[in-house]
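Participant: Just so you know, the sequences run in chain order R and S. Just so you know, we're using the numbering used here here: the first sequence kicks off at 1 and counts up by one. Just so you know, we're using the numbering used here here: the second sequence kicks off at 1 and counts up by one.
Honestly, the hints are just simulated from the structure, not real lab data. Where hints are given, some of them may not hold.
As the list claims (entries may be wrong) - Within a straight-line C-alpha distance of at most 25 Å, the following computed SDA-like cross-link-like pairs (lysine to any residue) qualify:
no., chain 1, residue 1, chain 2, residue 2
1, R, 96, S, 637
2, R, 169, S, 634
3, R, 96, S, 632
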Amino acid sequence: MAAASTASAAAGADASSFRFPREYSFPAFFTRQTNLTTHHAQLSKWSALVLAYARHHRIFRLGLSAAADSDLFYNRRLDRRLGMPDIRELLDFMKKDGRIEYASGGGGGSEGEVVFVYWRKPEEWARKIEKYVEETGQKGSVLTVYELGEGEGTRGTEIHGIDNEVLLKALNVLVRKGRAQIFGQDDSQGVKFF
Amino acid sequence: MFLKHIDLTTALRPFYLPDEVLLFVQDNVGLYEGKFKLPNYQNGQVYLTTHRICYVDKEDPRSYSVALELKEVDRYEFYAGFFKSSAKITLIPKPPKRSSILPSAVSGASHQRNGSSLTRSDSPRSNPEQSQATSATWVCTICSFSNPVPSNFDPVTANAHTPLPPCLACGIKPTLAHVLKAAISGANNRAMNTPSFASSHPSLDQSGVVPRPLSENLSLDLTSSPQTPQNDEESTFQCPRCTFSNHPSLLSCEICGAPLISRKQSPPDARSSLNDIRSESPGPVIENPKKTEQGNINVSESVKISFRKGGEKIFYERLKGSMTQRKWLLQDAPPAPTRSRLADEDPSNSSPGQSRKKAAGIAGLEQLGLNMRKNNELIIGSAFEDLEALMASAKDVVALAERLSRQNSSGADAMSAEENKLLAESASQLGLITTKDIVGGGGSSQSLYLSELSRNVAEFLTDDSRGVLKQAGGIITLVDLWAKFNRARGGVELVSPMDFEKAARMWEELKLPVRLRTFRSGVMVVQGLDRTDQATIKALLAWLKDLHEFPPEKEVPWDWQQFGMGVTAQETADRFGWSLGVAEEELLMAEEHGAVCREEGLEGLKFWVNYIDMGDVKPPKSQAQRDQEAIVKALKKSGMI
Chain R
1 MAAASTASAA
11 AGADASSFRF
21 PREYSFPAFF
31 TRQTNLTTHH
41 AQLSKWSALV
51 LAYARHHRIF
61 RLGLSAAADS
71 DLFYNRRLDR
81 RLGMPDIREL
91 LDFMKKDGRI
101 EYASGGGGGS
111 EGEVVFVYWR
121 KPEEWARKIE
131 KYVEETGQKG
141 SVLTVYELGE
151 GEGTRGTEIH
161 GIDNEVLLKA
171 LNVLVRKGRA
181 QIFGQDDSQG
191 VKFF
Chain S
1 MFLKHIDLTT
11 ALRPFYLPDE
21 VLLFVQDNVG
31 LYEGKFKLPN
41 YQNGQVYLTT
51 HRICYVDKED
61 PRSYSVALEL
71 KEVDRYEFYA
81 GFFKSSAKIT
91 LIPKPPKRSS
101 ILPSAVSGAS
111 HQRNGSSLTR
121 SDSPRSNPEQ
131 SQATSATWVC
141 TICSFSNPVP
151 SNFDPVTANA
161 HTPLPPCLAC
171 GIKPTLAHVL
181 KAAISGANNR
191 AMNTPSFASS
201 HPSLDQSGVV
211 PRPLSENLSL
221 DLTSSPQTPQ
231 NDEESTFQCP
241 RCTFSNHPSL
251 LSCEICGAPL
261 ISRKQSPPDA
271 RSSLNDIRSE
281 SPGPVIENPK
291 KTEQGNINVS
301 ESVKISFRKG
311 GEKIFYERLK
321 GSMTQRKWLL
331 QDAPPAPTRS
341 RLADEDPSNS
351 SPGQSRKKAA
361 GIAGLEQLGL
371 NMRKNNELII
381 GSAFEDLEAL
391 MASAKDVVAL
401 AERLSRQNSS
411 GADAMSAEEN
421 KLLAESASQL
431 GLITTKDIVG
441 GGGSSQSLYL
451 SELSRNVAEF
461 LTDDSRGVLK
471 QAGGIITLVD
481 LWAKFNRARG
491 GVELVSPMDF
501 EKAARMWEEL
511 KLPVRLRTFR
521 SGVMVVQGLD
531 RTDQATIKAL
541 LAWLKDLHEF
551 PPEKEVPWDW
561 QQFGMGVTAQ
571 ETADRFGWSL
581 GVAEEELLMA
591 EEHGAVCREE
601 GLEGLKFWVN
611 YIDMGDVKPP
621 KSQAQRDQEA
631 IVKALKKSGM
641 I
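Looking at chain S on its own, in the form it has when it is part of the complex (with noise of 0.2 Å):
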């Protein structure tokens, strides 16, 4: 199982996959793998989705954040804590999939009489490749004994000089032209039956374990049956409680009913993953976690989720929602109905428009008509059938509402966590993403709402698609922004101001590309981390220098080209596509910094690039300087007198 390293949002939330859907987040987990501590994974939050589960690690968010994707989950335990151990949640994987090595077993069988290095790799997973070759057998003409055709020995390549080993009975070696028939015959065997593999092998058969479905179990057989005679022992192991030989495919003990799991799991797993030296380290940290290229890491056993801050049973609910909605097969699925049947349709379709293709004139007209109101008919029709779905989801929907505002009516405060979850669903397949149900009941969560909600506001914020901070010029007022982004929530699930200004003061701490700034009146405006002062300063400057160069449209009686001209809040609020709250405040911002100055005047107040202090004043002394001065005075005085 990996834990495969995710990129993140500009906030810093995990992107979701298309149909994805947030379920619940909380804060302060960190992960274990097995009984060990992930170093550098044990302060973050944990994102709970319909398909994965994410964790975002609060330190180093970028390089530390790593995603398990729920369809390799098998089981799911839940460790409710004890004393100063907290709540856990184990996700144990599915064990790994032999199925996805099979097919290359097979096609590696058929083809490896002409694919030698194959054969020839020492690597651990060519195992079950080896075993087959063994699996082909020559007959001894001398004495009729089944010798294996030897694991090294290739049809392709094998020539006269080929050493081969002689007959394990008799000791008389066999000719090349015999073993090369019985190890091609014993391939081409194999090829057509691979599927009744247990058939090659009576042993198994005989060793009186039930007959099984063959498919779930071949990808056992394949990895640890066949290997040698001694290989059958390993293959029915012992129960650890009842001593009980077990096939290798039950999860529980057959007679006791002992969970069975780990041991099955660890032989094919030492086996796949030698790559990985897995340090037995006795300690609670793992020292060297096994890193893959791209910050994945590849876990053996189970991935454990420590909830340091709680939050444990409301992740376990939803986790068992989601594993048992499994929906991310639905990416698998056919996306609509209506399109597979019109594929279902095309034939039909194809067919006359392929005589239409040889009708001609007027009867190619006609038949283009039909073949169009035939398609109207469809479209409309499954037109229909889609608002008869909206129509029944839509009554769901109603009848959510209304239990809503009855139980609100009601006044009862206590909803159970069904309904709890049942709005959370609804409310997030609203598109809402961020709402203080899917962070958890109670009072101590408010804090991870908040950040939450400041993540998702600096992710509203930084939407390329939306513009929101290119349309107002870089730079928004708080009440502007609280404003579009309650709207943009369609009306529902409005978030409160106070909520709304909490979470922007956040956005410093969270280290999001958004900052929040007060101005100097109390203003407070949303801009991007890269817009400082100095940036809005120059920019400033640059346009007030260009009004040097170019001829201001009526006459002036001062040089414009020495001085330039005077500028508004409101011209300035036009250059930029600022408000003109915004432009007044950056122009007092820039005035403050000394970069221009005012000038009262009938037309109001404008602004001029500084000409008064060129900085060929001193700045005025102070007051300790001037004390300095006055001291050094006096002393002088008294010694000259």
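Bound conformation, chain R alone (with noise of 0.2 Å):
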């Protein structure tokens, strides 16, 4: 459920490794630029960012108030930061893009907003499920969904540790192609793939 501390904590953990790219260090890339031109190619650059930033800490939710004085939003080098209304501009842009998602409500009141960051869609990981199915011969049978994310099974590969409730986004898409079925209680519930 601690999503977001986690990947903050994960953030922490290993942002050294992180390469920013180049226009992180350049200052007035912390301004919101008025130019339209302009401020597309920001908001895109910050998107580039934000899912590459996410990618490599294996983040799946962002905690918007703990994400702004996170490295991401913050340059502490340069002292600039991006300021929660451009945040939230930049998400709106990203939701058009189909690149996050706002988690509903049950995100945890603590932490305020929370989004699920898609550095792979649902369409994309529903393909990577199907086909690690497929290469381990368990078409037919029945997995739990704690399987799939957390299971010894999927160990080395990218669904392991993949966050619960993105997991069953990627099944429901398996399930509205016909490919798998969803069955059982909300904490145990199993799939199975045809």
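From the two separate chains plus the hints, produce the assembled complex.
Facilitator: In structure tokens, the structure reads:
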């Protein structure tokens, strides 16, 4: 449940290894540009930065207030930070691209708003899962959701450690395609691949 | 008469001569030569000055602008216009100056014997000389008949083989020595009594013409009378109305008073301007205006100015004024009386100076002191005289001002034309060029006033001696310019802000070298035409690039070699000499072009080279593009399913 805190913890763990892009050390990058073209370029670059950062740290959920103080949006060396309104604008921009999604309500009130960062979109995750199932010959068998995300079987693959909700979204994509079926209760859901 | 090509100022107005004062401007005029329109000179502005009448074409002012010197104008006539025919003012040139040819003719006659080229030239101008040559006579030794010396006889080159015509009466050839003697004595005679040329032509005096002052008639005598006996008829030509044979120098018929000017003028002109073949086109437009080099137009007839949009009356009034004043004469006059008086004193000054050279020691010093005192006295005396002259004119000025204020207070809005003229004159004397009055009254001339004002301001801006634009870094806000312009006018005839803005807006239309720019915020600035946005951006970027090279004054956390420095509007203003507002606007303009980007921080708004959008990110798609893509996507989907 404490996805956001794990995210920031992970970010703190190996932030040094992440290579920020060149713009990150450009002071004007942290100011909202008024020129439309420049602004668009700015948003695109920020979006790429956020996704790369999330991918590097395998962040699936981003708590806004926590992220605002993280290295991602706050360059301590330059003493420049991206303001909250600008972050929101950036998220709106990314949402249009399908790169983030606001977590609905249950993200945890204390951390404020939380977004899913789709450095891989659910469709892409669905393809990954299908491929994994096919490769391991588990078609037709039933797997639990926990098994997919945290189980020993997926260790070493990208699927391992995936956020539960993101995983469910990916599975739902497969269900809609008719490639899988989800059954069971809230806590112990199972999925069968066809 | 020549319509001389003139040079224009940067604001496409004529360059004025020293002391030349603009009196009137009228647009929408055309030029005629005689009865024919001059092509390319049909829509322009006419500038009446104290010295000239200038025509500046509207379409192509640089190539079709001419001036006519008032001193060459003999008479001027006014034609009020009739139905569709617009009002015209006809300028009739002075009769071509024979007196200018006369000296050359005389010198030609006196030097004729050693300058064979003169006598042999076949140019029509040598006519008078030819006739002079014939005026030398040799008396036949056989029959004592007076024969003319042949025109091609040159005593310098004549030798035994020169063919000599026989005597006209008896047909006996004369001896060379005889003719030679006659020719030389004839030349000597004329050299002595050229002024009293008539005496060598008794026939003229006998023709019953009243004796005239020779100085004014000489020209005609030389051109027409001495040619041949039958020339007498030509020289005393008939009056077209009453057929009385008048003397050619008369301007109007002695009997009936009919004008003879056209007749009198055409023969000498036809002769003098043989080189320019006048195309007698029946149409109203001359096909080929007779252009000599540099765009001058040789006009043999009168010049008409056609006023298609009015203004002719004031023009006529002022033309009359300047024709009577004849200010162009002042140019040749000694500049100031004081100097001439000093020059008079010179000999007396120089003589003691010479004596001083001789004197030495104490005597010399005393002499020097004496001279200096004398000199001082003289200067002070003349200075006081100047002062008195100034006072005298000051009285006039004061009186004028009083009259003006009286008129204003009484509320009489209708000023007499005379008053108006006086005012305009005084205003222009005070150094104002464009006033509402100068371009004529009435609402219709408002646009003309504005266009003149526009040119005036443009001149003010581009005047290198003032350097208004240069001082302001090539860009100045309209408000600042307005203030400067009015200050330059010395507090009189101030231009209203409304008129000023309107005038500024006309620069583009008038193709003047300055332009008005409106920034996004609505601030209006004035800058040279060559200073485009691109040029400004280039300058800005070059400066920002320099900041990559030179280390910043204090430590900065970022890589200044890569990103340089952010600059504030204040720094930019200092760097380029702009005002703060202009710098801000220029930076915003550059930002709008995507050349720079902004950074809002604790230190205020700073501008950086745009490292955010380096062209590696695709620009945002337009709505249409997005729609199209959506359709393609949907089609693909449906095709797959």
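Participant: What are the numbers of the hints that this structure violates, sorted from low to high?
Facilitator: As far as the earlier hints go, not one is violated by this structure.
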